[in-house]
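Fit chain C to the supplied structure of chain E, relying on the hints for placement.
There are 2 protein chains.
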Amino acid sequence: MKIALDVMGTDYGPSELVLGAVMAVQEYGCDVVLVGDESTIQDLLKKYGVENNPHLSIKHASQVIDMHEHPAIAVKTKKDASIVVATELLRNKECDALVSSGSTGAAVASALFHLGRIKGVGRPAIATPIPSLTGTTVLLDSGAKVDAKPDNMVQSAIMGSIYSELMIGVKNPRVGLLNIGEEETKGNELALATYPLLQREKLINFIGNVEGRDINKGTVDVVVCDGFVGNVVLKFAEGLAKAILTMVKAAIMNGGFFAKLGGLLITPALRKLRKTLDPEAYGGALLLGVRAPFFICHGSSKARAIKSAIGVAVHGVESDIVAHITDAIANQTRIDEVVGHMK
Amino acid sequence: MKIALDVMGTDYGPSELVLGAVMAVQEYGCDVVLVGDESTIQDLLKKYGVENNPHLSIKHASQVIDMHEHPAIAVKTKKDASIVVATELLRNKECDALVSSGSTGAAVASALFHLGRIKGVGRPAIATPIPSLTGTTVLLDSGAKVDAKPDNMVQSAIMGSIYSELMIGVKNPRVGLLNIGEEETKGNELALATYPLLQREKLINFIGNVEGRDINKGTVDVVVCDGFVGNVVLKFAEGLAKAILTMVKAAIMNGGFFAKLGGLLITPALRKLRKTLDPEAYGGALLLGVRAPFFICHGSSKARAIKSAIGVAVHGVESDIVAHITDAIANQTRIDEVVGHMK
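In the order they appear, the protein sequences are chains E and C. Convert by adding 11 to the 1-based position in the first sequence; the result is the number in the working numbering. Convert by adding 11 to the 1-based position in the second sequence; the result is the number in the working numbering.
Since the hints were derived computationally from the structure, they do not count as laboratory data. There's no promise every hint is true.
The list treats identical chains as one, so a pair stands whether inside a single copy or across any two.
Calculated lysine-lysine pairs in the BS3-like style (CA-CA distance at most 25 Å, straight line) [as the list claims (entries may be wrong)]: (1) 197 <-> 89; (2) 160 <-> 197; (3) 130 <-> 213; (4) 90 <-> 182.
Same shape as in the complex, but just chain E (with noise of 0.2 Å):
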């Protein structure tokens, strides 16, 4: 199995995801294709002692799309770009899946125009995983589509119930629809306009509409957004989980002697929830509805969670999500069936 890595137009730079792709395949035994300036390339490999290991490949791309190019512009002018290159290796089935660490509006774009929807798919959708209390849950769409329509919404319950399913395990996902309120008849006009339509759609396991503080409760499996909504909402989970993190050093800080030296002692355990709670450690969001596997990582990822996100992307291809995801599009339910069972 080969997976792309584009290395470019990240925060950190190309060395963290070299470091990535070298821990990625001695750990996982597939093969990783290094997209971007190839002489950078070659010094890490150098650099890291794996310049003659097999599993690493280079594929020269001589341009970059950072993070302040509009997105559909820079995909279509930028033919060189490392994310364009990488889509076209993806497209045309030289490698099994993609990983990207730089613009996601960039990777978003090109998967859109250099790698296609899947038959039927309105608009992908990107899934993000983040941990609950029992698990994880997966909220979509993360940023994909900002002014959703509720087709586009439907499509995501579908793709996110399969991504539970395939990608974390989960038998008949809870599906539930992020709102205001749980009555169905709370809620702005797209998803009273949203809930009807989930409601009959057989593939799924529509619980009805959860809330925000359900998110990380672990009463739901699959929480369907607008990509405005779940955008901000997984931002400010980080925010909010680093915010917390510092005030309970804090609170322990300013908290006496006794405070302190328990401070101390717990040190070793609250490094490892920072290492849970940290974006960093998930590897990977999933781009739903596209042709191919195609994973978008925090833009702040270093070597380790390029790793994993080279992890996930093996797990993707294995499970073939995308063949399931083509099938269940065109077996969902249809609008003149949703129409019939309406009074």
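For chain C alone, coordinates are given in the frame of chain E:
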């Protein structure tokens, strides 16, 4: 100064609310009118030994609106509901402010129908203070208007800015638009249309787009979003804070002997932090844009939270926030001025 307290329709029943009022009159020296079932309230006043306290009075209301009723229909048909009776006291200037902890929807509907908006305000917004690493951030709208228009967002920004200044004491508060990226070109239709209006509004110190991760960072004082996003974010914060503190506890308990010992030593510090993060400690979100100070507490508020809410209401009356908002709305940048500035 007299505060009306609707004691009905909450999760814990009237006893917690009456106790909160007893604590508040002692602490703040204000008067409280307890609105609800007279005999129930009388029994509680006797129970707490304050039946002759001249600062506490009763206004009988024979009906209650519960959490699951349709807000607008309920406040129109149940003319003797406690929230409606309390709102009428406020409208008739028989009290200076109102504190409610029943259904938020019913409270907003009652304020709209029975108290009315400040002249020029399109829709009221709920301003909720949340703790940041350096102080307090105000998030609004946190649930009054789910499908907001750009005009509503601008008024939220103006009203939130006044709130931050008068209620929290921030000078020239930094106002941010909650979005999925910092760049002006990022966002959904609402955010894109709102950005230029905020930029041209002379009454506020607009610092541009902020992301979810900025809310708790202390780098912005007023965060503007629509009522759907705000409500989801606030409820998510509540759930996540609880989940993280539970995870901290679990990490300590599973961390071996020294971690457990350390956990014992930090317990007082953590208990204090839990109180800081507890929505109960805040004492009430303020419904901005209506003709008198109208506070809405969390439905699960206990006595201490109700006491704080009454304290916040006293502060709201003293600072004359409604008059400041009325002036500001009369002076906000008019659309024709905005058009004049556009190229």
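Right, here's what the structure says about each hint:
{"no.": "1", "hint": "197 <-> 89", "verdict": "between (45 Å within a copy, 21 Å between copies)"}
{"no.": "2", "hint": "160 <-> 197", "verdict": "both (17 Å within a copy, 19 Å between copies)"}
{"no.": "3", "hint": "130 <-> 213", "verdict": "within (19 Å within a copy, 49 Å between copies)"}
{"no.": "4", "hint": "90 <-> 182", "verdict": "neither (42 Å within a copy, 49 Å between copies)"}
Consistency note: the structure conflicts with earlier hint 4 alone.
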